[in-house]
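J.: Here's the letter readout for the chains.
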Amino acid sequence: MSSNGQVSGEFFLSGDEACAEGALAAGCRFFAGYPITPATEIAEHMSERLPEVGGTYIQMEDELASMAAVLGAAWGGAKAMTATSGPGFSLMMENIGLGVMLETPCVVVDIQRAGPSTGLPTLTGQGDMMQARWGSHGPYSIIALSPSSPQEIFDLTIKAFNLSEKYRVPVLLMSEEAIGHMYEKVMIPPWEKIEVYPRRKPKVPPQEYLPFVPDDDMVPPMAIAGEGFKFHVTGLTHDERGYPVMTPEAQDKLVRRLVDKIEKNRADIIEVEENGIDGAEVVVCSYGISARVSAIAIEKARASGIRVGLLRLITAWPFPTERVREVARNIKTFIVPEINYGQMVFEVERAAAGRAETVLVPHMGGAVHDPQTILDAIKQAVK
Amino acid sequence: MKTTEMTTLGAHPLDEYLRLDRLPHIWCPGCGLGTALGALLKAVGKSGLDIDKTVMVSGIGCTGRAAGYVKLDSFHVTHGRALPFGTGLKLANPDLKVIVFSGDGDLAAIGGNHLIHTARRNIDMTVVCVNNFTYGMTGGQMGPTTPEKGRSTTSRKGNIEQPFNIPRLVAAAGAVYVARWTTIHLRQMERSFIEALQKKGFSLVEIISPCPTYYGRMNEQATGLDQMRYYRYNSVVKHGAPLDTVDITLGGQIVVGKFLDIEKPYLPQKINGHGR
Ligand SMILES: Cc1ncc(C[n+]2csc(CCOP(=O)(O)OP(=O)(O)O)c2C)c(N)n1
Ligand code: SF4
Ligand SMILES: [Mg+2]
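These protein sequence lines are chains Y and V, in that order. Position 7, counted from 1, in the first sequence is what my numbering calls 7; the numbers after and before it change by one each time, with no gaps. Position 140, counted from 1, in the second sequence is what my numbering calls 140; the numbers after and before it change by one each time, with no gaps.
It is worth saying that the hints were derived from the structure and are not from the lab. Watch out, some of these pointers could steer you wrong.
Which residues of chain Y face chain V? A partial, calculated answer using Cβ under 8 Å [unchecked claim]:
#, residue
1, Phe30
2, Thr56
3, Leu64
4, Ala69
5, Leu71
6, Ala73
7, Gly77
8, Ala78
9, Asn95
10, Gly135
11, Gly228
12, Phe231
13, His232
14, Val233
15, Pro248
16, Asp252
For each residue, glycine too, the CB sits at the ideal point set by N, CA and C.
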């Protein structure tokens, strides 16, 4: 470690630790959280490391407060993050909605465990994927990423910060206990080699600044508190001045932009990994740890001569509808393994729009799939 | 002509602190909120604070609308979360002076857990809690400060719960400065605001304030004036009063004054870096 707290090189890290290091490398200087298995190690790591890089760690009284503090810190000028698991994620929904409305860049990490409710606190799950998309009230769009290894959680945490700054939206990093507690080699590049998206500062003097006049990509520049802009922001429906306007017209204009700034920039945001899709008869569409387990089943299926590909969702939200639809044209079946009783599978089905059959391989949580169950589904599909 | 008369009135001394393009405000005639906000803004002017670094955070409620009227960096956030939002602002940017201006329901009911924990951490911020004994914005329901027997739209026969004594609560939780005034105590209120703004650590000033539209009307004080008259004849100034003696009862005495002014370590302790 260098004297200014920078860390680079090759390390043997857990996914949770890699996530924390990714955040620091991305410029995160504020963390507010509340301990919860299996995300606690992120908070522990941040509490130790943030002071070394001149940042602030605070343990709040609950996840409602954690999320509120993260938003406050972002408006105070810091890149800010929190990390939690299902029960805390539910509590954060309130202020994730405020983050969407105030267009506040920040990162929320959910190391998913098996639910509902307290469920299996120490065991893995993927049951929060729809909550990530729709968990807060009202119409909105959001960005959610899904890493499949400790290295990727490091990389995607940086990407999450960059997307949040670029689109001024909370970005959700949807991982799982299985990755959070997995130890693997993680390469941390020198920080100066890491691309970091800076805060979109106003380009006009304070007297001319209106907080919600968007740039061409529909995202407005953001003033921070204490620099003389004297701006007002509110969770109420507002106009370009940030002032409340209680009309359906103002609501229409605002909500369309909040959603469109994500949906119309899908091509820039969405990332998937593909393997052996050309000429495949069956494609396994999965994400996170389940995509990794699927790779084992795919290898075995290929060994027995089945033409099967992998479509891995790195971006879960916005959902890569266009690509899934395209793939659906040329295959017979999508196999969708996930550690829940069906969530992302509904999106695959919607995108496939009847062009390909969609088969869920569910797991209720507490463990990853036995690859054999996925292999069986692949074999069944080509029968 | 009416409009001409309005314009010839000229500038108000508080104009520089108000978003004039947002007026008129939404508050009812006889409401105490304008009085409390006016006194606070005067105090901000006299306190010597750097106005560019002074920010206001409000939660939801009639009181919560205050953030939308002040010409400061100001945040109107979710119900009850002004304190943790303000905590994030202050810790990420210690140069800021954070003022939280919110209602009794916002701060002591839905935000009650944040209230005690922000006081416990002794976060360097100033809280103005406007206590009108009710949820004004939602139409006068009972809340955590409604006195026993106090009537509201959800306690028509009288409240059967014990209310919070807010000064006692936050003092026990760790605040360093606690005062209470009613909206009749304009000068005292302003002086307390100045002291609170200059204090290092968690300071809270409770302002007992009329809500003639709901609480007053339902409890035999139909107008703002009736409520002010009640404050005038029933409040007693007792600086340093033991906090277990400042409970508020229906129709009883209101003990006001500066109850606590002490020094303690506070957060944030040292300057932290900002985002890259
Ligand atoms: C989560 C949530 N629950 C309920 C409400 C509805 N609500 C709006 S204001 C309010 C009460 C405000 O009371 P108080 O803080 O005392 O403010 P006042 O209006 O009396 O000034 C409530 C319950 C809300 N906005 N959000
Ligand atoms: S309802 Fe009560 S608190 Fe709200 S503005 Fe009217 S008088 Fe004031
Ligand atoms: Mg109230």
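J.: Each hint should be assessed against the structure and marked as holding or not.
T.: Here's how the hints hold up against the structure:
{"no.": "1", "hint": "Phe30", "in the structure": "holds, 5 Å"}
{"no.": "2", "hint": "Thr56", "in the structure": "holds, 5 Å"}
{"no.": "3", "hint": "Leu64", "in the structure": "holds, 7 Å"}
{"no.": "4", "hint": "Ala69", "in the structure": "holds, 4 Å"}
{"no.": "5", "hint": "Leu71", "in the structure": "holds, 6 Å"}
{"no.": "6", "hint": "Ala73", "in the structure": "holds, 4 Å"}
{"no.": "7", "hint": "Gly77", "in the structure": "holds, 5 Å"}
{"no.": "8", "hint": "Ala78", "in the structure": "holds, 4 Å"}
{"no.": "9", "hint": "Asn95", "in the structure": "holds, 6 Å"}
{"no.": "10", "hint": "Gly135", "in the structure": "violated, 15 Å"}
{"no.": "11", "hint": "Gly228", "in the structure": "holds, 4 Å"}
{"no.": "12", "hint": "Phe231", "in the structure": "holds, 6 Å"}
{"no.": "13", "hint": "His232", "in the structure": "holds, 5 Å"}
{"no.": "14", "hint": "Val233", "in the structure": "holds, 6 Å"}
{"no.": "15", "hint": "Pro248", "in the structure": "violated, 19 Å"}
{"no.": "16", "hint": "Asp252", "in the structure": "violated, 21 Å"}
Going down the numbered hints, you'll see the structure goes against 10, 15, 16, while the others check out.
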